Amino acid sequence: MTSDTLIQLALYILFLPLLGFLVLIFFGKRLPRHGDWLGTGILGVTLIFSLIILFVKLFSYPAETFISQFTWIDLGNVPFIGPISIELGIMLDNLSVIMLVVVALVSFLVHLFSIGYMQGDVRYSRYFAYLGIFSFSMYGIVVTHNFLMMYIFWELVGLSSYLLIGHWYEKKSASNAAMKAFIVNRIGDAGMFIGIMILFVTFSTFTFEKIFDSLAIGMIPFGSEAWLTAAGILIFCGAIGKSAQFPLHVWLPDAMEGPTPVSALIHAATMVAAGVFLIARTFAIMTGDALMVITYIGVITAVIGAIIAITQYDIKKVLAYSTISQLGYMVMALGTGAFTAGFFHLVTHASFKAGLFLGSGSVIHAMHHALHKKNDHHTDPQDIRNMGGLKKKMPITYLTFLIFTLAISGVPFTSGFLSKDEILAGTLGFAGVTGHYLVPLLAFLVAGMTAFYMFRLLILTFHGEHADKSRESDIHESPAVMTIPLIVFASLSIWIFYSFNPFGAASGWFYSVMERPLSVVPAAVQPVAADVFKEAVHDAHTFAMILSILIAGLGILFAFAVYHYRKIDADNLSKATGPLYSLSYNKLYFDEMYDKSAIRGTLGLAKISAWFDNTIIDGIVNGSATLTRLWSNFSGRFDNVVIDGFVNLSAYFTGFIGLLLRKFQTGKVQTYIVFVIFSIIIFFFIFRSW
Amino acid sequence: MDLYVLFFYFFALLTVISAFVVVFARNIVHAAFALMFTFFGVAALYVLLYADFVAVTQLLVYVGGILVLIIFGVMLTTRMFSVEMKTGTLNILPATIFTAILAGILIFVFSVTDWGVVPDQEFDTTVYGIGTLLVNEFILPMQVAGVLLLVAMIGAVMMAARERSKSQSK
Amino acid sequence: MTYSLAQIPQWLAEPGLEHFLVISAILFSLGLLAVITRRNVIMVLMGIELILNAANVNFIAFTRFSTLSLDGHLIALFVIILAAAEAAIALAIVLNIYQQFHTVNVDEVSTLRE
Amino acid sequence: MVETLEQFLPHPLLALFIHAALPMVIVFPYVLFAVWLERKVSAHMQDRLGPMRTGGWHGWSQTIADMIKMIQKEDIVPSRSDKFLFKFAPFLAFMGSYAAFAVIPFSSEYIGAHLDVGAFYILAVTSIVTLSILMAGWASNNKWSLLGAMRTSAQIVSYEIPTVVAVLSVIVATGTLNLMTISEMQSGTIFNWLIFHSPFLFIAFVLYFISSLAEVNRTPFDLPESESELVGGFHTEYSGMRWGMFMLTEYADMFLVSLLGSVLFFGGWNSPFGDFMSGPIWGVFWMISKGMFFIFVMMWLRWTLPRLRVDQLMDVCWKYLIPFAFVNLVLVALWEMIF
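Chains as they are written, first to last, in the numbering used here: chain R, 234 to 923; chain Z, 109 to 278; chain F, 334 to 447; chain L, -12 to 326.
Derived from the structure by calculation, the hints contain no laboratory data.
Please read all numbers here as calculations on a predicted model, not as lab measurements.
Among these hints, one or two may not hold up.
[As the list claims (entries may be wrong)] In silico DMTMM-like links for lysine to aspartate or glutamate, alpha-carbon gap of 25 Å or less: (1) K901(R) with D404(F); (2) K262(R) with D302(L); (3) K896(R) with E441(F).
[What the hints assert, rightly or not] A few chain L residues that don't get close to chain Z, going by computed Cβ distances all over 12 Å: (4) I13; (5) Y108; (6) A111; (7) L121; (8) S140; (9) G266.
Just so it is clear, CB atoms sit at the ideal spot from N, CA and C, and this is done for glycine as well.
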């Protein structure tokens, strides 16, 4: 199979979902079964294609990058700027082919799950259409070879996320959440756009390769490394928005108003990972300072997410904050330079987090049906206090959920252990080289908290007794179309798929194909060099592994002690921690903070400017008006006597002329045309050259 | 070359005479049908100028589109079932003198100016060249023209629809 | 293939750029005449079409007799496109005017005057 | 071919005229035959025999006799009609239709005018027929005629859009507007014909065939001349040879769209069997047989399908054919890009 075939397959992968979207949006309701088979089938095909691409690329051309491009706009040699040509094209390297499979796999399984979950929804076909356009845009982000297309697709995923969060737009909270997600993302995207434009103004191109090459030979924006750092951070702003990093993480928990499979697909596995993908893509242009900013943003996000997740009761909210925390983890890993580990965690996290969401979807589905049967519309089907004891009723869901929980907690023999372990080793190595010991400290803390809150969730949902005995009999396991994706995801959460050695991913295939890209920034602002970093990581590896197992075990034990065996009373615990607990329960007051600061700030600013307008500007105006009035009283007298004499005279004169000219102003278009042509003839004679 | 001359004068006369008929015909329908011959003659002149694609476009758009529209307009806005379709004129005499002077000036200017003629600009085929130019240098005008046509279409439909709804409500 | 064209003057026997320009000048003047003398809006419209055709003849003629390459053809094409758009809009307006005033004479549609 | 003629004839103009008149040799006998065929086909479809007496074998000279009768008829011009336009319209109609035959490649050796914009030219020049119909309808000074004429022209102008787009699909696939080149590209066996080129070109052919039916006012799109509603449409007032000219135009138009369809989709003058039965003379044979086949299909449809209502007619065009045609055009282009 040649590179042309691969590029062609990639094009099919890119455009088939778009075709599906078009068909479904226009004819969806007329198709049998409202076209769910079409969307799912197309995603199945793209999954097969992307697997083919993955295997061919990794086995036959592991070191090559395939690019297929064409010139879209060629402005030629623009004065003062130089040649500008904008190319569109696609690029297949190891990063993008792995990401393609992740997106295709999660998307396909979520489609499959949705057939069960969304059954009977009012906008069933439109839901699948939106999933299609989401897949299209996500594939676009993955395979593009330039910033422009990336930005376009970036906005498109934002749009599809907006559409899908607001899928049940009759619910006020859903439409509000959709708007919130859109607006918050816009803030980040504005930064990303400025960053891209800084690069475009400097290099006159959007293509990654060309920018990297130009940087490598010493061209930097506006001749200053600080601008390069700024560009890096601004592009990272896009990732902050899309990957829900601090301080723009507030939209993600609200986005859980969308259908649960959507949360699994977009807000857990793929779209939010796009930010991480963006950092990986642009890793080569990140300066040391930019990476430091990225590291700390990631750490803060990880800690915040974990703290909030501990006290939430809504099953999806817990998972949402856990997603934020894990995304912070990945961003932190990339920031520290543990490039492969960060991206590896993206891949493993995609499967187990999507699985967790789908599992929660399965639980909510069952709860919802049980409540529905009893005509109970007050009990929240998503609140884990209303669950418990589902272990016996939903064995498959429980088992898969357990595997996912183990994976996310970083228990050995799971995929999550492999990647998390590498990240922790990376942070230790980073701290060893740079001295920033706060980073690994917090990272380990987060690991422990993750284990704790995930098992808290598992225990409260599945173990113990059900909260309401009367509805227990109505709860059933979900249909096969929903459990099969869970099983697939669960099997993908086992270590064997990534590395044959359950205690070290470095020997697996993933590490052999994902190399940290060479930094192209000037030597003065380079991040920690890859080989120095690798050395440090290697030294810290065993220590990190043992410590992480210990911490995860501690977290799990603590969770069992509190919630399963009830050795420690949860209520007392929350009372004991008092303010800390309410801080966490209220999500660190971020929304309130934004309300008080950003929104009130804007309103306050508006009030201040209104006051300024009313008092100062109007005062000046009124003052000058008073002055003018005094002056005009005087000049009025002058006017009446002297000026009016002239004016009346000229008025008579004008009137006389007007009487003459009125003849020409007939109101007929044709007369005007004659005048126009007549004037042209006169000009003709004035400017004649013969 | 001699056939060329013959054809040139034939079509030039056709164009000019039918244009005269357009302007001076009392009956507006006659004017409209004379306009067809003008368009036809102009298309033939294009052919004589090696502009086959433009000539065919002229036929397709002007004769097949615009003229049909105009005739529809005439038939919808004039008393229909009567051959008498005279149209009034305004200030015919001064206007004629004025335009005659204008024509004289134009013809004079055209004949005295040294145009720097390059006689051997003969195109074998223009279709390929026009197509290539349209998607390269003229891509922006083409897109704008497309948008313009869309806007015009929507505008025309809107106006016609408003007219219909108004007449229905009456 | 020989004709006795000897008695015909040279400028008449060989149609060149000027001949086409003269035709376009005549077309232009006639179009203008129609625009300024006719009361019927549709006649005015026909006059405008004549003027546009005159312009197009110029473009094509200059393309043929100068080094304009094919740009003249393209401009002529755009003029034709514009004419199509213009005719559609203009006739929609004319139909609306007819609906409103029951006449299509430009001098009688004068509500805006005064 | 014009050069060959010039060698034998005293004057180049004469050669031009003869060259231009050659399609007449095909078109006139064809019309006579087609009218007879139409009567026979309709008769057999209704389980009767049709004209049997004139001429002997199956009434073969019936149309010739009809034609002679028509020429002899009184030339009636209504007194309140616009005389000049009334007399002129039939000739203009036939002119528009005949002009289009100039670019039809009847065989590999004969084409009236070897134009680079042939396909486009046919679409453009047939619009003259629309105008002549309007002219006839208006000049008759009869409300049936005028209504019929306006219906016809509205119909033809509307259906021109899907036709053009369907033809464009072929042009996108072949990359040329020259009908001769398009024919040459399809030489070889039947599988080289453009209709088998891609599935979307097949759809394009279906679109082309439907909209060309409407363009030549054949059933089920024959509203403009629906006898039961409009007496006779735009030619209500016409009689004798002028009416005959309109009939001639109508049949010539049918022939034209059939020939264009066979050039664009069915290989033109190419033999379906590769080299077997191919050559310039066989080319004429194949061309005309393909054309006649489509004409037979049109007659068949006429006695199979009921007529559409006028709003349905416009619905079919604007709501179905045009969107489908455009989507199909994009798909054809994509197909060409990918394969």
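How the hints compare with the structure:
1. A C-alpha spacing of about 37 Å is found between K901(R) and D404(F), which places the hinted pair above 25 Å, so the restraint is violated.
2. A threshold of 25 Å between alpha carbons decides the hint, and for K262(R) with D302(L) the separation of about 21 Å falls inside it, so the pair holds.
3. For a cut-off of 25 Å, the pair hint linking K896(R) to E441(F) stands: about 18 Å separates their Cα positions.
4. Every C-beta of chain Z lies more than 12 Å from that of I13(L), the closest at about 24 Å, which supports listing it as non-interface.
5. Under the 12 Å C-beta cut-off, the non-interface status given to Y108(L) relative to chain Z is violated; the minimum distance is some 5 Å.
6. The beta carbon of A111(L) is not kept farther than 12 Å from every beta carbon of chain Z, the shortest such distance being approximately 4 Å.
7. For L121(L), the condition that its CB be more than 12 Å from all CB atoms of chain Z is violated, with the nearest at approximately 5 Å.
8. Non-interface status of S140(L) relative to chain Z is broken: a Cβ of that chain comes within 12 Å, the nearest being about 6 Å off.
9. The claim that G266(L) lies off the interface holds: its Cβ sits roughly 28 Å from the closest Cβ of chain Z, which is beyond the 12 Å cut-off.
The structure does not agree with the numbered hints 1, 5, 6, 7, 8 stated previously, though it agrees with the rest.
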